[in-house]
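Now for the letters of each chain:
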Amino acid sequence: MKEILIISLLGILVLAIDLLKLRKLELPVIIGGLLSLVACSVMDWDKNEIPFAQYGGMLQFDNFALGFTIVFSVIAIGWYLITFDSYSGHASNRTDIYALSIFSLCGAVVMASYTNLVMLFLGIEILSIPLYVLAASDRKNLLSNEAGFKYFILGSLASAVLLFGIALLYGSLGTFDLNAIHEKIAAMPQYSAMMIIGTAMILVGFAFKISVAPFHMWAPDVYQGAPTVITAFMATIVKGAAFAGMYKLFVVALHPLPDAFAKAFAIMIGLTLIISNVTAVVQTSSKRLLAYSSLSHAGFMLGFIMMSENASAKYLMFYVLSYGIASLCAFAVLQHVSSIQNGDDSMTAFKGLVKRNPVMAGAMTVSLLSMAGIPPLSGFLAKYYVITNVMSGGHMTLVIVMILTSAISAYYYLKVIIAMFTPIENAGRIVVGNLQKSIYLIFTLLLVVMFFAASLLELIEM
Amino acid sequence: MLTLLLIAIPLFMSGAIFLMGARMARQLALLAGIAELLVTLTAMYLQHTGDTSGLLTFDRQWIGPLGISYAFKLDGISLVMALLTSLLTPIIVYASFNRTYKNPHVFYGLLMLMVASMIGAFTTTDGFMFYVFYEFALIPIYFMILIWSNAENKAKTTLKFFLYTLFGSLFMLVSLLYVYQHSHSFAFEDLYAAGQALSGSEQGWVFAGFFIAFAVKIPVFPFHTWQPSTYDAAPTAGTMLLAGIMLKMASYGLIRIVLPMLPDGIAEYGSWALVLSAISVLYASGMAIVQKRYKLLIAYSSIAHLGVLSAGILSGNAQGIQGGVMEMLSHGILAVGLFFVYDILESRMHHDDMSRMGGIREVNPKFAFLFFVVVMGSVALPLTSGFVGEFLLLLGLYQYSAILTGVAGLTVVLGAVYMLRAFQIMMLGSANMHTQNFAPLTKHETTVLAIIVALVIVLGIYPDPILSLSNPTVETLLGTH
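Here the protein sequences come in this chain order: A and B. Residue numbers for the first sequence follow my numbering, beginning at 31 and rising by one. Residue numbers for the second sequence follow my numbering, beginning at -14 and rising by one.
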């Protein structure tokens, strides 16, 4: 119960700070608030708290919800620390952006803790509406406006489809409650036609949100157009939240799904991996490349949802954290590099980075290698968990696709790495603050340590 | 515990070298290499005396439910491979003393990191850990080539190298996971049992996955195309590491994982791999004959020798495997020797075009003599280390197929052709305007070459310690099926 209060009040507090003209306190307050969120989540572990039970108990802070809350908070802390200086330039709307991102984070927490489909929808909207604004927050940039507009139109459409799906499900089962849904489905011989249509519509809605093929078209444009900092937020926390929500619904409540859904998932994953990785190869803009890489990781994460019998939530969580850290690192480096080159985000902007700022180049290298799935970095283990899961389900073709596209992804990640290690004439140093430097180092270390500390994951009971 | 020490020393030293900065980098690296050698020799002594105190093994669970452990064991074959690594590391480090690398602390730090991962791959008894070490060794060498190469197209070359080997390894991962679905544990013992229980055709597929991974790295025709350009682009120390030690991880993998795990798969569906290996011998020998540049000639000759190695190992009998173990050690030493000769030539003449050389023996007979012994080892003359390995390999292969032996045996004949011809063009005749000012060997160059020559001869005359070290393990491996 504390968790949802902390995160909601934090957003209001940040707005109040702006009114009181205490801008210097912004960052400490946000970090402090998020740290207390982590602390509360740790303390409430195993308690299975249902806040506001008298109002229907539509949220439940079980270990799944708390685990994801911790993951989101950790990524968010990193996000604020590593990007806070990118808003020093146009300071006028900094507070708005901070407040909106916290409200969005609030939506993410709701999506990890809902036990009622109404709450799921609310969570999605709380998450998305601030994001529409954030995507368009670089008001003078045409691309950013386009991104916000596209995101808004398609996001609303997806929400509408999702809502229709929820309505159909309610129509056939008569309840919004996840546990009740699960009980009713267990008692039924098979899905009714209306339920199948409802579930399919929910799936389509989610597929839009997590941007997997064939519902991914908006993602590269939006990711490229939005300010890089916001793109980082979307690719990490927002995506993670959508997967958490999806896991609860598809793996826990709607289990067992009709067989056709396994096929649908397999096709969606295969398409996503092939389209995103092949398209990424020909990108010249590194930001667009990272956008496609983000699509490809969504394809991998969907593997956890597909293999509902064996999938374990903690492995999904590990993937979200591992990819989140690596991706945040990559986007932050991109943001720092391109802002110095007047917004140039092509590969050439990265040339000679190893001389210009070794810490950033090192962090970027490790992050990209982790995303490519090279051991001993946590990204390898994350992909490994997916692949074993999918393989134990007997989907050999999908495993081969995953493996082949991993190899393709190594190609485009290496292109960026090679650019960074290509020396250039008269390269000026890129200076970043000590705080960012230490965040980069911490992230790099985390990517290594998480691999070796993976055994700790087994101690966690979900 | 000794195995942990073998991994910990280079790992720790890698960090130390990196942090200490450029000044003492290569001395520290040399120190680490020597320490590594001492630990290996201690382990060999313990093994020889039949030590049972558990110093040679280490086993701790890592991710229990997934059946992954930090499991290491120094048995006969692993010891030979550890010896190869720890013997060559100080030689390679010492050989690069006459080169000044930019940012030496990063260079030697990466080198030590690579040593750690190679030792890890050679000593682990857990399939997952093997994959991790096998893959990880790629990262340091990739950056060593990318940063310190002088070649113009290095970005393209390294990219090809990285993707090629990564692509191959991913097939191994699939195969490994397929067997793991049946064993639910990555311990070699369990993988062996689960692999043998698979049907013949399943084993054949799993074998194909493993063999593609290893064939890229050994390398075997037609998966070799990354190798000559990478050897050419890499700085000498990198080439030595690649040819001398790193690529042996693949042939070691064949012996350690594939042979005991998939006996039926190899017997029924494995002949294509042997045929490819034999083609590899012919093709690479032919390519070596037409090379004009010394470094490329060595690169192709390496493929030819390793073709025999791969064929001999896959024949799956005791002689073949014993020969394989011996040849890995011998080829490692010879490869380092041959590439060191390249380094000497290149540092003096700034090219390795053989047609512009000649008569170096006249100017520098000592160098020519030492080079000659290495060449003799390379063409597998009796009483050199090359002979023991190749003889046993061909003996093993003969039990499998006489025709393939005939083809693979050509390596000795053709090897003599291109190696002796190269030696003749470069060293004999009268000195020309390019070679008449060939500077004498420095003390440190003489030392390195002398050590290599001594090793080639000693192992050729008295290979017994190595063979008897690996023999019990080879028998255990064969006994499991």
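Because the hints were derived from the structure by calculation, they are not lab data. Yeah, the Cβ is synthetic: ideal placement off N, Cα and C, and Gly gets one too. Worth double-checking, as some hints may not be accurate.
[Unchecked claim] The calculated lysine-lysine pairs, modelled on DSSO-like cross-linking and capped at a C-alpha distance of 30 Å, are:
hint: 1; chain 1: A; residue 1: K381; chain 2: B; residue 2: K428
hint: 2; chain 1: B; residue 1: K87; chain 2: A; residue 2: K381
hint: 3; chain 1: A; residue 1: K170; chain 2: A; residue 2: K54
[Unchecked claim] Covered by chain B, according to a simulated footprint, are these stretches of chain A (three or more residues, beta-carbon under 8 Å):
hint: 4; stretch: 403 to 410
hint: 5; stretch: 430 to 438
[Claimed, not checked] Per the computed footprint, the stretches of chain A lying under chain B, defined by three or more beta-carbons under 8 Å from a beta-carbon of chain B, are:
hint: 6; stretch: 55 to 68
hint: 7; stretch: 416 to 424
hint: 8; stretch: 481 to 488
Practice prompt. Take the stretch 55 to 68 of chain A, compare each residue's beta carbon with every beta carbon of chain B, and decide whether three or more fall closer than 8 Å.
Written response: violated (count 0)
Worksheet item: How does the coverage statement for the stretch 403 to 410 of chain A fare against chain B, requiring three or more residues with Cβ below 8 Å from a Cβ of that chain?
Response: holds (count 4)
Discussion item. So if I understand the rule, the pair passes when the alpha-carbon distance is 30 Å or less; does A/K170 with A/K54 pass?
Written reply: holds (26 Å)
Fill in: chain B over the stretch 430 to 438 of chain A, status - at least 3 residues with CB closer than 8 Å
Our answer is that it holds, as 5 residues pass the Cβ test (under 8 Å) against chain B, meeting three.
Fill in: Residues of the stretch 481 to 488 of chain A with Cβ under 8 Å from chain B, three needed, outcome
Contact hint for the stretch 481 to 488 of chain A vs chain B: holds, 4 residues under 8 Å.
Discussion item. So if I understand the rule, the pair passes when the alpha-carbon distance is 30 Å or less; does A/K381 with B/K428 pass?
Written reply: violated (41 Å)
Worksheet item: Is the hinted pair B/K87 and A/K381 satisfied, with a Cα-Cα distance of at most 30 Å?
Response: holds (19 Å)
Worksheet item: For the stretch 416 to 424 of chain A, does the count of residues with a C-beta closer than 8 Å to a C-beta of chain B reach 3?
Response: Satisfied; 4 residues make the cut.
Taken one by one, the earlier hints fail for this structure at numbers 1, 6, listed in ascending order.
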